[in-house]
Amino acid sequence: MAIIRRELEPILANVVEASPFVFTAGAIADDLSLDVAGQAREAFRDLDKFLALCGSSKSHILSATIWLSDIRLRDKMNPAWLAWVDPTNLPARACVEGKMADAECLFEIQVIASKGR
Amino acid sequence: MAIIRRELEPILANVVEASPFVFTAGAIADDLSLDVAGQAREAFRDLDKFLALCGSSKSHILSATIWLSDIRLRDKMNPAWLAWVDPTNLPARACVEGKMADAECLFEIQVIASKGR
Amino acid sequence: MAIIRRELEPILANVVEASPFVFTAGAIADDLSLDVAGQAREAFRDLDKFLALCGSSKSHILSATIWLSDIRLRDKMNPAWLAWVDPTNLPARACVEGKMADAECLFEIQVIASKGR
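Same order as they appear, the protein sequences are chains A, B and C. Residue 80 in the working numbering sits at position 71 of the first sequence, with consecutive numbering throughout. Residue 15 in the working numbering sits at position 6 of the second sequence, with consecutive numbering throughout. Residue 57 in the working numbering sits at position 48 of the third sequence, with consecutive numbering throughout.
Hints are computed from structural coordinates only; laboratory data are not their basis. No false leads were mixed into what you were given.
Identical copies go unnamed one by one, so any copy, or any two together, can satisfy a pair.
Subject to a maximum C-alpha distance of 16 Å in a straight line, what follows is the list of computed EDC-like cross-link-like pairs (lysine to aspartate or glutamate):
| hint | residue 1 | residue 2 |
| --- | --- | --- |
| 1 | LYS85 | ASP111 |
| 2 | LYS58 | ASP39 |
| 3 | LYS67 | ASP55 |
| 4 | LYS58 | GLU16 |
Let's have the full structure, built from the sequences with the hints guiding it.
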């Protein structure tokens, strides 16, 4: 099986391709001064880019795990989620509370997608 | 690859089939007034239903992630887990603390399974 | 699809093989008196063993989820991670806070890998 690791950082690959699936690292916003919806939008934009590099897309997400620094932010995050996901191809999703490495980080998402084909 | 998304809710699919695997959303109890064992049993019942829709079952679970609102509930949850899982086909499991969207929610589980065949 | 479950404990399998992928349970240290780097090293040693049983290895990890009992331990854990991972085959990784079953447990990791070939 060919495994392709892309968007390398010193400690991780942001996306790993192992046909027919694509696995992402936890994606967070670049600008952690944003509110949770803004942070989610930035993380989604990164996911779009990482998935595209593998011939995948948000329409091909199978499973998503979302962490919020405070679970009460969920209602403020969900509209950003709904504006981003493909409504005809909704992922299976779990969303729980979990603090992230930076205390300002409110949102993190890790997904498994399929390759577009 | 054919991707089939079932049991749709407004923001997610409860189960997504992408042969040869099946990915579920986080499953929680309907009745959040139950204790953790009761909530786990309700979530397992939902998983049974979702997996069956994809030709899979609890005997085909590969990986499970469980979140408890308070990790000290683990000992009260485990008997419900043991009563539910197929003892000849135990999943790989991680169980950690993580608050869920509803403050009454004590238990959530997300799994990856294989198709029965 | 042949599913092989190995290193069985009473409530879970430590590793489940479902070609072309391998799924591990949450791995933790045996000696919970160690600091976070020491606990991580023990968990990695277990992962090495479990992956080898399936013809896989740390070089074949696709996705890793790490939980820390206190996210501020991340900087103390990362050197152990970097000393362990294959730098030419970095996994996609998410690392969040989440308490584990034993209050002394500081580190847990669950991975999805590919089979060696």
